[in-house]
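**Student:** Take a look at the letters that make up each chain.
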Amino acid sequence: MWSFFHRLASPKHFYRFADRLIPWLGWSTLITFIIGLYLGLIVAPTDYQQGESYRIIYIHVPAAWMSMFVYVVMAIAGGIGLIWKMKMADIIASSAAPLGAAFTILALVTGSLWGKPMWGTWWIWDARLTSELILLFLYLGFIALQSAIEDRRTAANACAILALVGVVNIPIIHYSVEWWNTLHQGPTVTRFGKSAMATSMLIPLLTMFLAFKLYFATTLLMRARVEILERERDTTWMKNMIMGSDE
Amino acid sequence: MRLLPKHPKRRKRLALIVLMIAGIGSAVALAAVALRQNINLFYSPSQILAGDAPRNHLFRIGGLVEKGSLKRNSNNLEIHFEVTDTVNKVPVIYTGILPDLFREGQGVVAQGKLGADGVFVASTVLAKHDENYMPPEAAQAISDAQKLKLQSTMTGN
Numbered sequence: 001m002w003s004f005f006h007r008l009a010s011p012k013h014f015y016r017f018a019d020r021l022i023p024w025l026g027w028s029t030l031i032t033f034i035i036g037l038y039l040g041l042i043v044a045p046t047d048y049q050q051g052e053s054y055r056i057i058y059i060h061v062p063a064a065w066m067s068m069f070v071y072v073v074m075a076i077a078g079g080i081g082l083i084w085k086m087k088m089a090d091i092i093a094s095s096a097a098p099l100g101a102a103f104t105i106l107a108l109v110t111g112s113l114w115g116k117p118m119w120g121t122w123w124i125w126d127a128r129l130t131s132e133l134i135l136l137f138l139y140l141g142f143i144a145l146q147s148a149i150e151d152r153r154t155a156a157n158a159c160a161i162l163a164l165v166g167v168v169n170i171p172i173i174h175y176s177v178e179w180w181n182t183l184h185q186g187p188t189v190t191r192f193g194k195s196a197m198a199t200s201m202l203i204p205l206l207t208m209f210l211a212f213k214l215y216f217a218t219t220l221l222m223r224a225r226v227e228i229l230e231r232e233r234d235t236t237w238m239k240n241m242i243m244g245s246d247e
Numbered sequence: 248m249r250l251l252p253k254h255p256k257r258r259k260r261l262a263l264i265v266l267m268i269a270g271i272g273s274a275v276a277l278a279a280v281a282l283r284q285n286i287n288l289f290y291s292p293s294q295i296l297a298g299d300a301p302r303n304h305l306f307r308i309g310g311l312v313e314k315g316s317l318k319r320n321s322n323n324l325e326i327h328f329e330v331t332d333t334v335n336k337v338p339v340i341y342t343g344i345l346p347d348l349f350r351e352g353q354g355v356v357a358q359g360k361l362g363a364d365g366v367f368v369a370s371t372v373l374a375k376h377d378e379n380y381m382p383p384e385a386a387q388a389i390s391d392a393q394k395l396k397l398q399s400t401m402t403g404n
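Taken in order, these protein sequences are the chains called S and L.
Per our numbering, the first sequence starts with residue 1, numbered consecutively.
Per our numbering, the second sequence starts with residue 248, numbered consecutively.
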């Protein structure tokens with residue numbers, strides 16, 4: 001098992017691994033999305049307070065969870081890259097950044113669309129919304145820093161440090177609604193203890209969460225594959241693979 | 248233990264990263280504690296009555312809309328209600344359109360100024376949603392059960 005991870009650290013093996021996994025992940029993403037959207041938009045009952053409008057949580061909440069999850073993935077990859085000087089770690093971190101930024105934008109936009117009719121405002125500078133916006137800037141900063149530094153090694157190190165510094169923001173986002181009083185409501189779904197949501201509404205939410213996770217895994221591998229192609233274009237294994245004389 | 252790097256150079260880098268995150272984490276924590284009240288979005292009625300809220304300045308009040316306190320003016324959009332934190336209450340006056348979720352017994356955040364008479368004159372009113380999601384039938388069942396419980400305790404006395 002340990003040697004499996006060691007092999008994955010080499011771009012060549014990772015490329016093959018991604019190639020084999022992507023179709024499976026892609027199809028399961030599509031199927032889970034269809035089931036999740038059907039359950040969420042059609043099967044789940046209306047809410048006693050918000051009526052049909054609450055259904056935006058089936059996009060908003062998974063997107064917000066993923067925005068934090070992807071950042072942690074990025075920071076861990078950055079840390080591994082700094083300590084072990086591993087090429088693949090840098091590839092994973094830089095492939096994850098735009099995906100995380102997209103999830104963050106999706107969470108902010110859907111939240112804003114919901115906020116206008118429900119709260120009465122598109123935006124408010126409360127702790128939850130502000131810390132989520134900072135998360136978006138961290139992602140954008142990561143992407144900008146990477147494209148600003150020409151040397152791959154230097155860029156990878158600088159970006160990894162930025163990602164690790166920004167990780168402080170993740171617990172702040174998560175606990176902001178408990179540490180400070182905010183307009184954003186408290187957590188509905190908690191890992192421990194009963195969640196404040198009817199089961200008939202919770203199951204579609206968890207299905208959508210799984211769909212978002214699968215989507216992330218699929219697109220991360222696809223992006224990593226492209227990165228490998230670009231970075232390893234001068235290597236012999238790449239030439240052999242493209243010429244079809246591999247194995 | 249295999250997770251920890253064996254190479255001394257890598258160990259040093261790991262230690263540096265842990266130190267960096269711990270340092271930044273504590274710096275941010277100290278800043279957050281120092282700015283505690285500034286980060287809070289609103290003052291509760293108890294804080295306002297204790298004199299914590301700024302006088303003659305815009306600030307936000309937050310709490311629940313007291314049940315039975317909502318009064319509408321039939322001629323214009325003027326609305327009177329009380330905001331409570333279940334201990335203290337502050338009367339609020341507001342002219343305008345209320346958000347969908349504004350309801351008695353539900354959370355509210357209003358921005359405005361506290362008048363000398365102790366009435367909060369709001370310029371904006373926002374509804375604060377709670378974290379409960381359930382179908383209408385479930386909500387009905389809960390309120391029925393609560394009524395039943397109330398009745399049984401009353402007959403029990």
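Errors might be hidden in some of the hints.
In silico lysine-lysine, DSSO-like type, Cα no more than 30 Å apart, as pairs [what the hints assert, rightly or not]: (1) S:Lys213 - S:Lys87; (2) S:Lys239 - S:Lys12; (3) S:Lys87 - L:Lys256; (4) L:Lys318 - S:Lys116; (5) S:Lys116 - L:Lys336; (6) S:Lys116 - S:Lys213; (7) S:Lys12 - S:Lys213; (8) S:Lys116 - L:Lys360; (9) L:Lys314 - L:Lys360; (10) L:Lys314 - S:Lys87; (11) S:Lys12 - S:Lys116; (12) L:Lys314 - S:Lys116; (13) S:Lys85 - L:Lys394; (14) S:Lys87 - S:Lys239; (15) L:Lys394 - L:Lys336; (16) L:Lys336 - L:Lys318; (17) L:Lys253 - S:Lys87; (18) L:Lys314 - L:Lys394; (19) L:Lys360 - L:Lys336; (20) S:Lys239 - S:Lys85; (21) L:Lys360 - S:Lys85; (22) S:Lys213 - S:Lys85; (23) L:Lys253 - S:Lys12; (24) S:Lys12 - L:Lys256; (25) L:Lys336 - L:Lys396; (26) S:Lys85 - S:Lys12; (27) L:Lys396 - L:Lys314; (28) S:Lys85 - L:Lys253; (29) L:Lys256 - L:Lys318; (30) L:Lys336 - L:Lys314; (31) L:Lys318 - L:Lys253.
Derived by calculation from the structure, the hints in this document are not laboratory data.
**Student:** Against this structure, judge whether each hint is valid.
**Tutor:** So, going through the hints one by one against the coordinates:
Between Lys213 of chain S and Lys87 of chain S, the direct Cα distance comes to roughly 24 Å. Compliance with the 30 Å bound is thereby established for this hinted pair. Proposed proximity of Lys239 of chain S and Lys12 of chain S is supported: the alpha carbons are some 11 Å apart, at most 30 Å. Between Lys87 of chain S and Lys256 of chain L the CA atoms are separated by roughly 18 Å; this keeps the pair inside 30 Å, and the hint holds. As the CA atoms of Lys318 of chain L and Lys116 of chain S are separated by approximately 24 Å, the hinted pair is consistent with the 30 Å bound.
Among the hinted pairs, Lys116 of chain S with Lys336 of chain L is consistent with the structure: their alpha-carbon atoms are about 27 Å apart, no more than 30 Å. Between Lys116 of chain S and Lys213 of chain S, the direct Cα distance comes to roughly 28 Å. Compliance with the 30 Å bound is thereby established for this hinted pair. The straight-line distance between the Cα atoms of Lys12 of chain S and Lys213 of chain S is roughly 25 Å, inside the 30 Å bound, and the hint therefore holds. Between Lys116 of chain S and Lys360 of chain L the CA atoms are separated by roughly 23 Å; this keeps the pair inside 30 Å, and the hint holds.
Between Lys314 of chain L and Lys360 of chain L the CA atoms are separated by roughly 23 Å; this keeps the pair inside 30 Å, and the hint holds. Of the pairs offered as hints, the one joining Lys314 of chain L and Lys87 of chain S is violated, with about 62 Å between alpha carbons and a cut-off of 30 Å exceeded. The suggested pairing of Lys12 of chain S with Lys116 of chain S is violated, with an alpha-carbon distance near 49 Å, which exceeds 30 Å. The hinted pair formed by Lys314 of chain L and Lys116 of chain S meets the criterion: a straight-line CA distance of about 24 Å does not exceed 30 Å.
For a cut-off of 30 Å, the pair hint linking Lys85 of chain S to Lys394 of chain L is broken: about 65 Å separates their Cα positions. Only pairs whose Cα atoms come within 30 Å are accepted, and Lys87 of chain S paired with Lys239 of chain S is accepted, the gap being roughly 19 Å. With a CA separation close to 25 Å, the supplied pair Lys394 of chain L and Lys336 of chain L stays within the 30 Å bound. Distance hint between Lys336 of chain L and Lys318 of chain L is fulfilled; the C-alpha atoms sit about 16 Å from each other, no more than 30 Å.
About 19 Å separates the Cα atoms of Lys253 of chain L and Lys87 of chain S, which keeps this hinted pair within 30 Å; it holds. Restraint check for Lys314 of chain L and Lys394 of chain L: satisfied, since their Cα atoms lie roughly 16 Å apart, inside the 30 Å limit. Between Lys360 of chain L and Lys336 of chain L the CA atoms are separated by roughly 16 Å; this keeps the pair inside 30 Å, and the hint holds. Proximity of Lys239 of chain S to Lys85 of chain S is assessed by CA-CA distance (about 25 Å); at most 30 Å being required, the pair is judged to hold.
Between Lys360 of chain L and Lys85 of chain S, the direct Cα distance comes to roughly 57 Å. Violation of the 30 Å bound is thereby established for this hinted pair. Of the pairs offered as hints, the one joining Lys213 of chain S and Lys85 of chain S holds, with about 27 Å between alpha carbons and a cut-off of 30 Å not exceeded. Annotation: proposed proximity of Lys253 of chain L to Lys12 of chain S holds, straight-line Cα distance about 25 Å (limit 30 Å). Under the criterion of a C-alpha separation no larger than 30 Å, the hint pairing Lys12 of chain S with Lys256 of chain L is consistent with the structure, at around 27 Å.
Pair hint Lys336 of chain L plus Lys396 of chain L holds up; C-alpha atoms about 27 Å apart against a cutoff of 30 Å. For the proposed pair Lys85 of chain S and Lys12 of chain S, the alpha carbon gap of about 17 Å is at most 30 Å, so the pair holds. Pair hint Lys396 of chain L plus Lys314 of chain L holds up; C-alpha atoms about 20 Å apart against a cutoff of 30 Å. Of the pairs offered as hints, the one joining Lys85 of chain S and Lys253 of chain L holds, with about 14 Å between alpha carbons and a cut-off of 30 Å not exceeded.
Between Lys256 of chain L and Lys318 of chain L, the direct Cα distance comes to roughly 71 Å. Violation of the 30 Å bound is thereby established for this hinted pair. In summary, the hint linking Lys336 of chain L to Lys314 of chain L is supported, as the alpha carbons are separated by about 11 Å, within the 30 Å threshold. Proximity of Lys318 of chain L to Lys253 of chain L is assessed by CA-CA distance (about 71 Å); at most 30 Å being required, the pair is judged violated.
The structure fails to meet hints 10, 11, 13, 21, 29 and 31 from the earlier list, while all remaining hints are met.
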